[in-house]
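Fit chain B to the known structure of chain A by using the hints.
Here is how the chains run, residue by residue.
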Amino acid sequence: MREITYAQASLEAFAEEMRRDPKVFHMSTDAPQPLVKEFGPTRVRATPIAESALTGMAIGAAGSGYRPIVDWRMVTFCFVAMDQIVNQAAKIHYMFGGQAKFPILYRASVGGGTRLAAQHSQSPYSMFMNLAGLKMILPSTPYDLKGLLKSAIRDDNPVIAFEATRLFGTKGMVPEEDYTLPLGKADIKREGKDITIVALAWAVHESLAAAEALAAEGISVEVIDPRTLVPMDVATIRASVRKTGRLLVADEAGPTCGAAAEISALATEDPATFACLRGPVKRLCGLQVPIPYSPGMEDFVFPDRQKIAAAVRELVRPKS
Amino acid sequence: MQPSPERQREMLRQMQTIRRFEERASDDYHGGAIYGVVHCYIGEEAVAVGVCSTLNRDDQIISTHRGHGHCIAKGADLNRMMAELYGRETGYCKGKGGSMHIADFGIGMLGANGIVAGGIAIVTGAGLAAQLDGKGRVAVSFFGDGASNAGPFHESLNIAAAWKLPVIFVCENNLYAAQTSAAETHAQEDIAARAHGYGIPGVIVDGNDVLAVHGAAAKAVARARAGEGPTLIECKTYRWRRHTERVNQPDFRPEHEIEVWLKKDPIARLVAHLKSQQGQLTDAEWQEMDRQVLRGIEEAVGFAKSSPFPKPEAALEDVFAS
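Chains A and B are the protein sequences, given in the same order.
The opening position of the first sequence corresponds to residue -8 in the numbering used here, with each subsequent residue numbered one higher.
The opening position of the second sequence corresponds to residue -14 in the numbering used here, with each subsequent residue numbered one higher.
Computed list of lysine-lysine pairs in DSS-like fashion (alpha-carbon distance at most 27 Å, straight line):
| # | chain 1 | residue 1 | chain 2 | residue 2 |
| --- | --- | --- | --- | --- |
| 1 | A | K180 | A | K234 |
| 2 | A | K184 | A | K273 |
| 3 | A | K180 | A | K162 |
| 4 | B | K296 | A | K92 |
| 5 | B | K120 | A | K92 |
| 6 | A | K82 | A | K14 |
| 7 | A | K28 | B | K149 |
| 8 | A | K14 | B | K149 |
| 9 | A | K273 | A | K234 |
| 10 | A | K14 | B | K120 |
| 11 | B | K249 | B | K204 |
| 12 | B | K296 | A | K82 |
| 13 | A | K28 | A | K162 |
| 14 | A | K273 | A | K180 |
| 15 | A | K162 | A | K176 |
| 16 | A | K82 | A | K92 |
Here are a few chain B residues that sit away from chain A, every Cβ distance over 10 Å (derived from the structure):
| # | residue |
| --- | --- |
| 17 | E240 |
| 18 | L259 |
| 19 | Q262 |
These are calculated hints, taken from the structure and not from any lab test.
Note that CB positions come from ideal geometry on N, CA and C, so glycine has one too.
This is chain A alone, in the form it adopts within the complex (with noise of 0.2 Å):
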């Protein structure tokens, strides 16, 4: 085990995969030097500002037994790009009925926290989760980026990673040597017994942080990141819940049709889990605004460790 960044840890996840298996490539607008570096330009290729063709490419490389990683970069650019996402990627594996496999590893980093305002500072998963076909991650710590994005260039379907701009500094230990995490598989960062909080990315360290603070005041928070969001590990989340009685969830994405109301829903509507609950499921999640600029503004829409501690005690001691 060795201390690296997040951003090292994709770094290392793309390297060593293509090491493993020459079938895998990677396209993108400014390719990264060290990748260049050690594959050449024919295997990290420098590509046009054209996310929509390169989106597509991915599609028919793959199909023609390739395993090619797009990386968008901020996912705000993907959107050109929405054709071959949505009716294409999604869709052609089902449509043709299951006759190839499309391996492919569509790279976004999401979220705000940087100053970069409403169109670089976006968390826009839930929009793709709601689509059938495509797989996604949104890891939280240099260990389960590592892991997952192995995975997700081995896996035999599309798989959006979407990384949190604001974690790339972030620091964490993870092992020298060939691991992979298994997609669907959720993490309990923290054991508690009376409320569970899911979290997301950037949020899984705002509520890890909450749950100290927490239990100096008595209340034991357990903390799980689903670390996938399609398939969503539902299973670790409901018995979690039922644990606890109290579900949070927390989310810098905006509230509406987002991942924490799919997580709530998916909790809540198990009756074995409904009856375990105590109180009310709670979302705190961004502001349903385009996110702003200036510091003030961009935190106030955040949900950060205090709006969360703050959250927690109301759902365990509410005031009645």
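The following block gives chain B in isolation, referenced to the frame of chain A:
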């Protein structure tokens, strides 16, 4: 070089197969046995057949919403095609695709596509795979004049040109994007002229002359196989029928224009050419060929009708590859 007489007769058989297949598909669509929508390629058969006659089995093509012709020209099985239109389990897509989504990856047919310009980037990616494989394979994108105005056309031509990908872009300019005339939506009549902007050859060919299409495609394929990059071929052609077979589908095309193009029938043209060459095709041989084609269509319909519908629960299968 012209294809051999034997090869030309095979091209004729394929063109007639496309036409007879679609006549039957249209009839059965109106009869209620085929669902959704059917787009007929009749009148444009020379494009698919002329181009595909220059390809190998492992070369790849991608098609459009008007895709039956490309499937047949690339060698697809009529039984499985018709079964797909009938929504049966034995269809190419197990009944999940229908007329607009027939694919056969085994013969390099990467699929019909319900989105105009939706396939161009995908097949350009197949071209990249072919280049990476380095075995001389090529990829062909079929699309219409409508798609030539969409972003993926321009993005893909640029990348294919910049990277010298072995891709042949075949524009079937049938003068209409759905119901809208190309004259209203293109500042310049010739789509092939756009190739100049990407630094690749742009060729205009009579899309109703299968031998001319074959010649242009053979040249582009040879160039692609030699690693010299893509070509844009514009085939001037015309669809005989409305945009779709839907009842009440409007058609604003002038009668006299349709009449002019009906006289340029690509099949009649090849028949006349073969008959004019000593001993290459007699009336009796042509009639027999048509009878055989019709028998093949009849068999396909029989196969489709005798095939089971998929179980409703099969809707849950194939969302993800396992």
